[in-house]
Amino acid sequence: MARASARHILVSDEAQCAKLKDDIANGSDFAELARKHSACPSGKQGGDLGEFGPGQMVREFDEVVFSAPVGEVQGPVKTQFGYHLLEVTARK
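Number 85 in numbering that gives the first Met the number 0 belongs to position 86 of the sequence shown; there are no gaps in the numbering.
Treat the hints with care, since some could be wrong.
Here are the simulated DSBU-like cross-link-like pairs (lysine-lysine), alpha carbons at most 30 Å apart as the crow flies [what the hints assert, rightly or not]:
| id | residue 1 | residue 2 |
| --- | --- | --- |
| 1 | Lys18 | Lys77 |
| 2 | Lys43 | Lys18 |
| 3 | Lys43 | Lys77 |
Everything labelled a hint here was simulated from the structure, so no lab data went into it.
Nothing here was measured: the structure is a model prediction, and the numbers come from that model.
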């Protein structure tokens, strides 16, 4: 079974999500932005979600995590929780 590790930043606003993605592209640290801005409790760990398998996260999240290139920030990804920036840190 496929497994992935990922980190994310969750915010309520698409525009803020897009700005954070630009900040990361311009050199800002993903983990630091997660600690500062993420509405998810994982923000305290720099957005780290640990390792999980397909079906353990919401569908929109799974689709990105199990198809996106490792190490490339994806998003904004809209779910019922808000807007996410996702980065797959490992997949096997």
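* Asked: Holds or violated: lysine 18 with lysine 77, Cα cutoff 30 Å?
  -> 15 Å, holds
Exercise. Quick one, are lysine 43 and lysine 77 close enough, alpha carbons at most 30 Å?
Worked result: With Cα atoms ~21 Å apart, lysine 43 and lysine 77 stay inside 30 Å; holds.
With a cut-off of 30 Å on the C-alpha distance, tell me whether lysine 43 and lysine 18 pass.
20 Å, holds
Every hint from the earlier list agrees with this structure, and none is contradicted.
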